[in-house]
Amino acid sequence: MANTHRIRSDFVEKVGQIAQGEGLPKIAGRVFGLLMFDGEPISFGALATELQVSRGSISSSVRLLEDRGVIKRVGVPGERQDFFQIADQPFTGLLEGALKRIKRAEQEIEASLSELSIEAGATRDRLRSYSDFYKTLGGGLQHALSTVDDKKG
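Heads up: the sequence shown runs through residues 715 to 867, numbered per the working numbering.
Any given hint could be a false lead.
Result set (BS3-like, lysine-lysine): computed pairs, CA atoms no more than 25 Å apart in a straight line [as the list claims (entries may be wrong)]:
(1) LYS786 <-> LYS814
(2) LYS817 <-> LYS849
(3) LYS814 <-> LYS849
(4) LYS786 <-> LYS740
(5) LYS786 <-> LYS728
(6) LYS740 <-> LYS814
(7) LYS740 <-> LYS728
These are calculated hints, taken from the structure and not from any lab test. Every value quoted in this text rests on a predicted model; they were computed, and no experiment measured them.
Produce the entire structure from the sequences given, and follow the hints as far as they go.
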């Protein structure tokens, strides 16, 4: 049991670091990691206690994670406070968010490319390659999303 507790604690911290590397708050990653590891609904207050962070940090983190579709708010009979658990398809939400950001980057690059004159040959070539990179990445994410969607049911 002690080994499971250590693994759980390490996992929660690792997911926090992963989230931070993706530009998200570390606390949001830790919330996601805890919910993912435990697999059970946990109360708002218990999240703050378990992660040893303020209720304000928990509040902003759960809002962010709910908006991304990776956790959901659930009711627990006889309880007045909010409980949270992993969404039914959390990876779909993660992929959709990543795909949206990739498409936005591609569109921004394409907008700059469209403003360049034909005479800007080498610059156009570099920007075209950059746009193609995002297009390819988006295609890969779209494929991953369809694969995850196929596993839903």
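We went through each hint and held it up to the structure:
no., hint, in the structure
1, LYS786 <-> LYS814, "holds (21 Å)"
2, LYS817 <-> LYS849, "holds (7 Å)"
3, LYS814 <-> LYS849, "holds (12 Å)"
4, LYS786 <-> LYS740, "holds (19 Å)"
5, LYS786 <-> LYS728, "holds (22 Å)"
6, LYS740 <-> LYS814, "holds (22 Å)"
7, LYS740 <-> LYS728, "holds (10 Å)"
Every hint, counting from the list given before, is met by this structure.
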